[in-house]
Amino acid sequence: MSNQSESPNPTSSSNKITLKTSDNEVFEVEEAVAMKFCTVKQYFDDENNNNVTSGTSTTLIPLPNVESHPLAILITYCKKHLEIKANNADNKKEMEIDMEHYEREFLKNVMPQELTELILAANYLNFKEALDFFCRAVASAIQNKSVEYVRKFFGLESDFKPGEEEKLREEFAWSFEGVDED
Amino acid sequence: MNTKFGNSCVEFGARQSYTYCRIMDIWEDDNSDEMDIDNDLMDDCEEDSFSESEQESNVKQLQKLNLGGDFHVEYAPQRNTSAYGSSRCSEHIKSKEKMGIGDLVKDHALPFLPAKSICRFRSVSKEWNKWITNPFLAHKQSQCFQDISGFFCQIADEHSFISCDPHSCGVPDPSFSFLPEPVILRTTCNGLICCQSCIADNAYYVCNPVNRQWKVLPRPNYYHGPGSAVALAYEPSALKFEANYQLVCAFPLADHPVLYFEIYSSRSKSWRLVDTSCCELGALKLSGDGFYMKGMVYWETLAGLVLTFDLTYEQFGILPLPPEFGPEGVLTKRHGELCYVLPHKKDNEYAIRIYGGFKMVRKHSFRLELDDFGYMSGGLRALSCLNDDVLAILFGNRMITYHVKAQKVKILGTVRSDGFVTCHPYVNSLVPVDHPLVSRQQANSRPCTSSSLWHSIG
Chain A
1 MSNQSESPNP TSSSNKITLK TSDNEVFEVE EAVAMKFCTV KQYFDDENNN
51 NVTSGTSTTL IPLPNVESHP LAILITYCKK HLEIKANNAD NKKEMEIDME
101 HYEREFLKNV MPQELTELIL AANYLNFKEA LDFFCRAVAS AIQNKSVEYV
151 RKFFGLESDF KPGEEEKLRE EFAWSFEGVD ED
Chain B
1 MNTKFGNSCV EFGARQSYTY CRIMDIWEDD NSDEMDIDND LMDDCEEDSF
51 SESEQESNVK QLQKLNLGGD FHVEYAPQRN TSAYGSSRCS EHIKSKEKMG
101 IGDLVKDHAL PFLPAKSICR FRSVSKEWNK WITNPFLAHK QSQCFQDISG
151 FFCQIADEHS FISCDPHSCG VPDPSFSFLP EPVILRTTCN GLICCQSCIA
201 DNAYYVCNPV NRQWKVLPRP NYYHGPGSAV ALAYEPSALK FEANYQLVCA
251 FPLADHPVLY FEIYSSRSKS WRLVDTSCCE LGALKLSGDG FYMKGMVYWE
301 TLAGLVLTFD LTYEQFGILP LPPEFGPEGV LTKRHGELCY VLPHKKDNEY
351 AIRIYGGFKM VRKHSFRLEL DDFGYMSGGL RALSCLNDDV LAILFGNRMI
401 TYHVKAQKVK ILGTVRSDGF VTCHPYVNSL VPVDHPLVSR QQANSRPCTS
451 SSLWHSIG
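Chains A and B supply the protein sequences, listed in that same order.
Counted from 1, the first sequence has number 97 at position 97 by UniProt numbering; the numbering is strictly sequential.
Counted from 1, the second sequence has number 8 at position 8 by UniProt numbering; the numbering is strictly sequential.
Treat the hints with caution; some may be incorrect.
What the hints assert, rightly or not - For each label pair, taking beta carbons as the anchor points, the in silico distance ranges come out as:
no., chain 1, residue 1, chain 2, residue 2, range
1, A, GLU177, B, SER417, 20 to 28 Å
2, B, ALA200, A, TYR102, 50 to 58 Å
3, A, GLU177, B, LYS294, 51 to 59 Å
Simulated from the structure, these hints should not be mistaken for laboratory data.
Just so it is clear, the structure is predicted and the values come from calculations on it, not from any experiment.
Each residue gets a CB set at the ideal place from its N, CA and C atoms; glycine is no exception.
Chain A extracted, bound-state conformation (with noise of 0.2 Å):
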């Protein structure tokens, strides 16, 4: 999936791609970034390779489900996750741990409402390391949550038939002991 990680510092890889929101913003992007967006990357070698000839054209490629707010927390994300990738090149742990420290950091900016945006992007976008990542935020957020707060929280309804759920909730009893009030 990482094909062009060679380049050893994304910011200087030169060629630009350029992606447009559904909101109609326009992001100009290196290509180590938006390749790591795998519908971007699909898009872009599809078009690569049905005009060999064009060669390094910028191209534009619209994201009709993407809107440009969670798209620049996304690049922001790509770009340091690609940098902290390259500043440890032959150190997987340092890696992590810098990682770790930079996702810590970056979820205390995230409302949860930006949350399910980003996952939303981030699904669309495919990309698979900000998919993960977001997802298990909002499993911390959620695991001690009432059973309510999650349906309200992604705006689910139940749609049991009465008394299935009732029999559920028994059933599981012990799984709703000691939950946090919304």
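Using the hints, position chain B against chain A.
Then chain B, alone, in the frame of chain A:
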């Protein structure tokens, strides 16, 4: 097919999405493959001829689906790029559009939760309930969630569970009353628990208290009497759908100064004596059951050494313990490495020393800031590292966690103070003990699995 399993954890109803269908199709194919394996196994009963190639084909099938990290076929790498034009792209966009945040969280965030939260969230919606009963979720969760969630404590034959976070981590039945006979807890590993019957034949059980699944192991070929010590080795694997574990027992034979190793493998379903035996003086008297980490088993010895056993090469080795070793120290994992955590008391100050490396040299030492708990008394015993920053310690009869950097103390609970309590670290995992596909086979051949018992009760 759902009724046959008889297990409430495995129900499959209507299929919602294409992805889900595909997975379930493969799952069914997989199912038939596994049945073949079991048939082979029963036909020739040769443990090591255990159809490696079929196992491989299973693995390949799983890899094809990219099951390890992700269950979504959309993520499968597409190599033949020229064939996909913009139509492919729009198709891709469409499939992504259908996924709402609820679905994404269900698929990608639930596996990071401890089992108690997951069981609670069955009540969120039908869709969540169905996904949570899917064996793929259990498989993924057992890889994604590997934090120590609490401790099983045992004094005499009384069991209790102390949770690191009672909101999210817990088990329905910490007393193991779901097992058919009274047991003592021997050892734990990544969510699996090895118990041993207190009566008659001292049978070993491997169980998961979350789903109350268990399996009784066949009788070992040798007598594991006093002086023997076991260790459970289980590594959650992306490629192995079934939980493959090994129970290693180091046992002395009569009065000979030698330790033998007998291993039970869940793959071969049998015990096997290892060729090598250990005659090293100082390594023969083990002080308790062992600890598994990254392919190695570690036992502390009474003489202040660590007996190691490499499960890949089936070789033993010896590591030193620091000279100050004692029953209050513990072998545990920190920063992904083996370490020895030893509490130390001087005057009225408590300190923790952490040793590591092949020579078990002191790596780290710090004072325990227990000012707010000055009134607490009693000895200190290290239990485990919960992660790189948090230690679990028994202080008198209170179990506490200590955050090394933040110097924060949290009381988890109290244990009985009228005797020696053993505390086993436990991961709140959904790992299946009895694979539903395998247990169906076993129900026919083996009368004592949990699922067959379920049949006779239900």
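Each hint tested on the structure:
About 25 Å separates the C-beta atoms of A:GLU177 and B:SER417, a value consistent with the hinted range of 20 to 28 Å. Judged by the Cβ atoms, the range 50 to 58 Å given for B:ALA200 and A:TYR102 holds: they are separated by roughly 57 Å. Checked against the hint of 51 to 59 Å, the C-beta distance between A:GLU177 and B:LYS294 comes to roughly 35 Å, which is inconsistent with it.
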